[in-house]
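Q: Read off the chains here:
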Amino acid sequence: QKEVEQDPGPLSVPEGAIVSLNCTYSNSAFQYFMWYRQYSRKGPELLMYTYSSGNKEDGRFTAQVDKSSKYISLFIRDSQPSDSATYLCAMSPGSFQGAQKLVFGQGTRLTINP
Amino acid sequence: ETGVTQSPTHLIKTRGQQVTLRCSSQSGHNTVSWYQQALGQGPQFIFQYYREEENGRGNFPPRFSGLQFPNYSSELNVNALELDDSALYLCASTSGPYGYTFGSGTRLTVV
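For the record, the sequence lines run as chains A and B. First residue of the first sequence? That's 1 in this note's numbering, and the numbers climb one at a time after it. First residue of the second sequence? That's 115 in this note's numbering, and the numbers climb one at a time after it.
Simulated from the structure, these hints should not be mistaken for lab results. Just to be clear, a hint being listed does not mean it is correct.
Residues from chain B shown here face chain A by an in silico Cβ test under 10 Å; the list is partial [to be verified]:
| no. | residue |
| --- | --- |
| 1 | 118 |
| 2 | 169 |
| 3 | 181 |
| 4 | 183 |
| 5 | 185 |
| 6 | 215 |
| 7 | 217 |
Stretch by stretch, here's where chain B covers chain A in the computed footprint (C-beta under 8 Å, at least three residues) [unchecked claim]:
| no. | region |
| --- | --- |
| 8 | 35-43 |
| 9 | 71-82 |
Cβ atoms here follow ideal geometry from the backbone N, Cα and C, with glycine treated the same way.
Okay, chain B solo, but in the shape it has when bound (with noise of 0.2 Å):
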């Protein structure tokens, strides 16, 4: 199967919950980065995992977390959710400097 898949598609939380999403990579792909895309604006790099260890992260605080599996499928936990968390997810896998194939990304409603 060709492309990324993230579930689900849409999500509502209610503040202070916990929330988990999760991604397949596109296969052949080790790298796999998460993004959060605020309404408006271009996606914001949150961490990468390149075969199961974090590799690089931006500035998210450690409520972001995240893992990815030895199938290259990766999980994405935001504990404690804010209002501001409130975006779209995207995931994104690649096997070179180029190339990332982005999914279709999950839309986090936090109320």
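Excised from the complex, chain A in its bound form (with noise of 0.2 Å):
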């Protein structure tokens, strides 16, 4: 079993819509909790971080770790073109000054059709 599953889509929704990405994690140390925003032939761009359980809210982007679930999304609101990317959750047991590693879930290919 993956440390951190995410199912990769692809995910295609219309432009406007709402969309939800999703990770679940078997791993209770991880306190440290990433999303971030891929593009083609590009390297990973951090968009949200929070810290343990709770929300946090930035334009059009909403993330919400359930530390008791296990369970981490991120909300799209008015989801544009230009969000069409590949989405990765990331997260990290926080031991900074140790093995800061990062742990990423697949990836979930999303495409936002004009």
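Join the two chains into one complex using the hints; note that each chain is given alone, in its own frame.
A: In structure tokens:
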């Protein structure tokens, strides 16, 4: 079993739709949770990060973490064609100055259709 | 200069050869990590360097090795290349538990 599970999609929605992306994980030591966006032929770009459980909103993006269920989500409101990319969840136990290793999901390929 | 810079962008090598990939960290970042991303997969942690010392390693064999220099730039070396080493190699730098900045990667093809 992988430490982090993410549905690879692909996911295709019309412009303006609300998009929900999700990951589940098995390691209860994870404390830092991140969402990255990766365009084709580019490196991952940090979108959102949260510490422990709770919600965080930034513009059209909302990240949610439910540690009791070991489940994290990213919501995109009013989706735009420019949001078309692969979205990667990542998490870490947060031992900075030690092995600060990010564990990634497989990535979900998202297409927003005009 | 901001951002993480990796070189080269693309590379083709023959099985059994050795390769060195390079990374310039974002200014102010003293920690650098390397990741391998196979096609259609998420990045996999190779190792991390903090102040020129390796302080964490993923499930990769010893033929994957690295260096971090006093200016926090870094190298990833892979010996005895195998076909399965074909992937996008990503360098990421940070100065804290968040805010990992990734480079655009080096696409390595082993033939």
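Q: Against this structure, judge whether each hint is valid.
A: Verification of the supplied hints:
For residue 118 of chain B, the interface hint holds, since its Cβ comes within 10 Å of a Cβ in chain A; the closest pair sits about 8 Å apart. Against a cut-off of 10 Å between C-beta atoms, the interface hint on residue 169 of chain B holds, since the closest Cβ of chain A lies about 6 Å away. The criterion of a C-beta within 10 Å of any C-beta in chain A is not met by residue 181 of chain B, whose closest approach is roughly 18 Å, and the hint is violated. The interface hint given for residue 183 of chain B is broken, as the beta carbon of that residue sits about 19 Å from the closest beta carbon of chain A, more than 10 Å.
Proximity of residue 185 of chain B to chain A is violated relative to the hint, the smallest CB-CB distance being about 20 Å (cut-off 10 Å). Among the interface hints, the one on residue 215 of chain B holds; its C-beta lies about 7 Å from the nearest C-beta in chain A, closer than the 10 Å criterion. With 10 Å as the threshold, the beta carbon of residue 217 of chain B comes within range of chain A, its nearest partner Cβ sitting at about 5 Å, so the hint holds. Proximity of the region 35-43 of chain A to chain B, defined as three or more residues with a beta carbon under 8 Å from a beta carbon of that chain, is established by the 4 residues found.
For a cut-off of 8 Å, the count of residues in the region 71-82 of chain A with a CB near a CB of chain B stands at 0, and the three-residue condition is violated.
Hints 3, 4, 5, 9, counting from the list given before, are not met by this structure.
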